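S.K.: Chain by chain, the residues run as shown.
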Amino acid sequence: KNQVEQSPQSLIILEGKNCTLQCNYTVSPFSNLRWYKQDTGRGPVSLTIMTFSENTKSNGRYTATLDADTKQSSLHITASQLSDSASYICVVTFNQAGTALIFGKGTTLSVSS
Amino acid sequence: DAGVIQSPRHEVTEMGQEVTLRCKPISGHNSLFWYRQTMMRGLELLIYFNNNVPIDDSGMPEDRFSAKMPNASFSTLKIQPSEPRDSAVYFCASSTTGVYSNQPQHFGDGTRLSIL
Numbered sequence: 146k147n148q149v150e151q152s153p154q155s156l157i158i159l160e161g162k163n164c165t166l167q168c169n170y171t172v173s174p175f176s177n178l179r180w181y182k183q184d185t186g187r188g189p190v191s192l193t194i195m196t197f198s199e200n201t202k203s204n205g206r207y208t209a210t211l212d213a214d215t216k217q218s219s220l221h222i223t224a225s226q227l228s229d230s231a232s233y234i235c236v237v238t239f240n241q242a243g244t245a246l247i248f249g250k251g252t253t254l255s256v257s258s
Numbered sequence: 228d229a230g231v232i233q234s235p236r237h238e239v240t241e242m243g244q245e246v247t248l249r250c251k252p253i254s255g256h257n258s259l260f261w262y263r264q265t266m267m268r269g270l271e272l273l274i275y276f277n278n279n280v281p282i283d284d285s286g287m288p289e290d291r292f293s294a295k296m297p298n299a300s301f302s303t304l305k306i307q308p309s310e311p312r313d314s315a316v317y318f319c320a321s322s323t324t325g326v327y328s329n330q331p332q333h334f335g336d337g338t339r340l341s342i343l
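Chains H and Y, in that order, give the protein sequences. When we follow the numbering used here, the leftmost residue of the first sequence carries the number 146, and every step to the right adds one. When we follow the numbering used here, the leftmost residue of the second sequence carries the number 228, and every step to the right adds one.
It is worth saying that the hints were derived from the structure and are not from the lab. None of these values were measured; they are calculated from a predicted model. Don't take each hint at face value.
[As the list claims (entries may be wrong)] Partial chain H-side listing against chain Y, Cβ under 7 angstroms, derived:
1) R187
2) P189
3) K250
[Said to hold, decoys possible] Here are the simulated DMTMM-like pairs of lysine to aspartate or glutamate, each with C-alpha atoms no more than 25 angstroms apart in a straight line:
4) H:K216 with Y:E271
5) H:K250 with Y:E241
6) H:K146 with Y:D284
7) H:K146 with Y:E241
[Unchecked claim] Label pairs and their in silico Cβ distance ranges:
8) Y:T247 with H:G186: 20 to 28 angstroms
9) H:S257 with Y:G243: 23 to 31 angstroms
10) H:T185 with Y:P235: 13 to 21 angstroms
11) H:D214 with Y:T303: 25 to 33 angstroms
12) Y:A299 with H:S203: 31 to 39 angstroms
13) Y:K295 with H:G186: 23 to 31 angstroms
14) H:I158 with Y:A299: 25 to 33 angstroms
The beta-carbon is built from N, C-alpha and C at its ideal position, and this holds for glycine as well.
Take the sequences, apply the hints, and build the full model.
M.R.: Right, here's the structure in full:
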């Protein structure tokens, strides 16, 4: 069964600290993997998109990694800010027709001062 | 630039009533997606259009749900009749290319639907 599992479910860190969110998937065949940030009451915002051949992609303080062999991805946030408090969602795209996108349930990050 | 615009932002109605959600994609985007988000199930893709044509509606939960895209600048998602279990946040997103592309999808801020 095609699944996307994210961990941890929630995380609390102090402002200025780094953190890493995990995404494991069993989706096959794989097209791409996306990380989104969703603020409370808003729509998701795209952070990174990686294809099968990409290992790392950065967007400011956000760095995503992908290991297609182990089917694992991580999102690393450097020098966290209060505005990083949000839900982070991992999405894997099927490379075939039908149910094209498989979503993780997300990790809720709280950054405190 | 204006992003994806959804209306209404909130909708509260009684079960059995017809509900129509509206979406205006970003100008120039030719792919449009409808999603539903609940606490239990997270985000789910309901249907997506490419050049106004429905490509994949396998996520539409049942016949009570229907979606149309009469032109490149407007889409609707209709629920008739509505049921309490349809309560969720419904998002619309648009992109310059289809679901398998590596281009980002741009989301609206959603319609929070409550069916009493």
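S.K.: Look at each hint and say if it fits the structure.
M.R.: Tested hints:
no., hint, result
1, R187, "5 angstroms, holds"
2, P189, "5 angstroms, holds"
3, K250, "5 angstroms, holds"
4, H:K216 with Y:E271, "21 angstroms, holds"
5, H:K250 with Y:E241, "29 angstroms, violated"
6, H:K146 with Y:D284, "20 angstroms, holds"
7, H:K146 with Y:E241, "36 angstroms, violated"
8, Y:T247 with H:G186: 20 to 28 angstroms, "22 angstroms, holds"
9, H:S257 with Y:G243: 23 to 31 angstroms, "45 angstroms, violated"
10, H:T185 with Y:P235: 13 to 21 angstroms, "19 angstroms, holds"
11, H:D214 with Y:T303: 25 to 33 angstroms, "43 angstroms, violated"
12, Y:A299 with H:S203: 31 to 39 angstroms, "33 angstroms, holds"
13, Y:K295 with H:G186: 23 to 31 angstroms, "27 angstroms, holds"
14, H:I158 with Y:A299: 25 to 33 angstroms, "43 angstroms, violated"
Taken one by one, the earlier hints fail for this structure at numbers 5, 7, 9, 11 and 14, listed in ascending order.
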